[in-house]
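*Asks:* Sequence:
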Amino acid sequence: CVLDDPENPFRFTATPEFNVNDPDAETKFALANNIPAGPTGAKARFYLWATALARFPSGENQWFTARALHELFDANSDPLIQEQALKAYRSVLDNFFGSVVFFECCANLDPDGNPVPFSIPLNELTADDIYRTGATGFARLVPGDPLLALSLLAEWGYSYQPANPPNFDDGVVTVNGG
Numbered sequence: 001c002v003l004d005d006p007e008n009p010f011r012f013t014a015t016p017e018f019n020v021n022d023p024d025a026e027t028k029f030a031l032a033n034n035i036p037a038g039p040t041g042a043k044a045r046f047y048l049w050a051t052a053l054a055r056f057p058s059g060e061n062q063w064f065t066a067r068a069l070h071e072l073f074d075a076n077s078d079p080l081i082q083e084q085a086l087k088a089y090r091s092v093l094d095n096f097f098g099s100v101v102f103f104e105c106c107a108n109l110d111p112d113g114n115p116v117p118f119s120i121p122l123n124e125l126t127a128d129d130i131y132r133t134g135a136t137g138f139a140r141l142v143p144g145d146p147l148l149a150l151s152l153l154a155e156w157g158y159s160y161q162p163a164n165p166p167n168f169d170d171g172v173v174t175v176n177g178g
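With the numbering used here applied, the sequence shown covers 1 to 178.
By construction, these hints were calculated from the structure, which means they are not laboratory data. Take these hints with a grain of salt, some might be off.
What follows is a list of derived Cβ distance ranges for each label pair [what the hints assert, rightly or not]: (1) Asp4 with Pro143: 31 to 37 Å; (2) Gly98 with Arg132: 20 to 26 Å; (3) Thr13 with Asn114: 16 to 22 Å; (4) Pro9 with Thr133: 25 to 31 Å; (5) Cys106 with Gly177: 20 to 26 Å; (6) Gly177 with Asn34: 27 to 33 Å; (7) Asp110 with Asp145: 40 to 46 Å; (8) Asn34 with Cys1: 35 to 41 Å; (9) Ala30 with Phe168: 44 to 50 Å; (10) Gly98 with Cys1: 36 to 42 Å.
These numbers come from a predicted model, not from an experiment. Where is the CB? At the ideal position from N, CA and C, for every residue including glycine.
Sequences and hints are given; from them, build the entire structure.
*Replies:* See the structure below:
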């Protein structure tokens with residue numbers, strides 16, 4: 001388990017989830033923001049999100065773990081990490097299909113100047129991360145034509161209607177039925 005890995009810098013660090021009763025408390029995102037950007041921080045990002053996932057299984061933690069593995073694969077092209085990233089993304093679809101992740105932005109749109117929270121379905125983000133390199137900026141986990149990514153998703157039991165430019169916010173993931 002990642003919590004027993006001596007290389008894990010977060011194994012003895014709290015990775016708190018957002019607490020609606022204490023919205024100003026520090027969370028795992030504060031830890032994530034302190035990790036260096038780019039390949040330098042890729043391994044630490046993986047350990048952070050895998051630790052958060054081990055302590056609190058959620059779609060959000062699973063997706064961030066998958067993305068961290070995707071980033072690690074991009075940094076070193078290791079086929080084992082590629083396989084683990086695909087398994088982690090598949091776990092988002094298989095175990096957390098209806099989960100969402102929340103983001104905040106656009107304080108200029110709120111009359112009080114507060115950031116505006118909104119949610120995005122993780123099944124769409126997952127399929128888009130696998131299908132489109134522009135979603136992550138990372139190397140393709142499924143090399144070659146994007147049709148091969150759609151084929152892999154179908155093999156897993158899902159269909160993806162890819163999102164369209166310019167906002168890439170209209171993708172649809174469905175579970176294949178009999």
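*Asks:* Each hint should be assessed against the structure and marked as holding or not.
*Replies:* For each hint, the structure was consulted:
{"no.": "1", "hint": "Asp4 with Pro143: 31 to 37 Å", "in the structure": "holds, 33 Å"}
{"no.": "2", "hint": "Gly98 with Arg132: 20 to 26 Å", "in the structure": "holds, 22 Å"}
{"no.": "3", "hint": "Thr13 with Asn114: 16 to 22 Å", "in the structure": "violated, 29 Å"}
{"no.": "4", "hint": "Pro9 with Thr133: 25 to 31 Å", "in the structure": "holds, 29 Å"}
{"no.": "5", "hint": "Cys106 with Gly177: 20 to 26 Å", "in the structure": "violated, 37 Å"}
{"no.": "6", "hint": "Gly177 with Asn34: 27 to 33 Å", "in the structure": "violated, 44 Å"}
{"no.": "7", "hint": "Asp110 with Asp145: 40 to 46 Å", "in the structure": "holds, 42 Å"}
{"no.": "8", "hint": "Asn34 with Cys1: 35 to 41 Å", "in the structure": "violated, 24 Å"}
{"no.": "9", "hint": "Ala30 with Phe168: 44 to 50 Å", "in the structure": "violated, 28 Å"}
{"no.": "10", "hint": "Gly98 with Cys1: 36 to 42 Å", "in the structure": "violated, 26 Å"}
Violated hints, in rising order: 3, 5, 6, 8, 9 and 10; the structure is consistent with all others.
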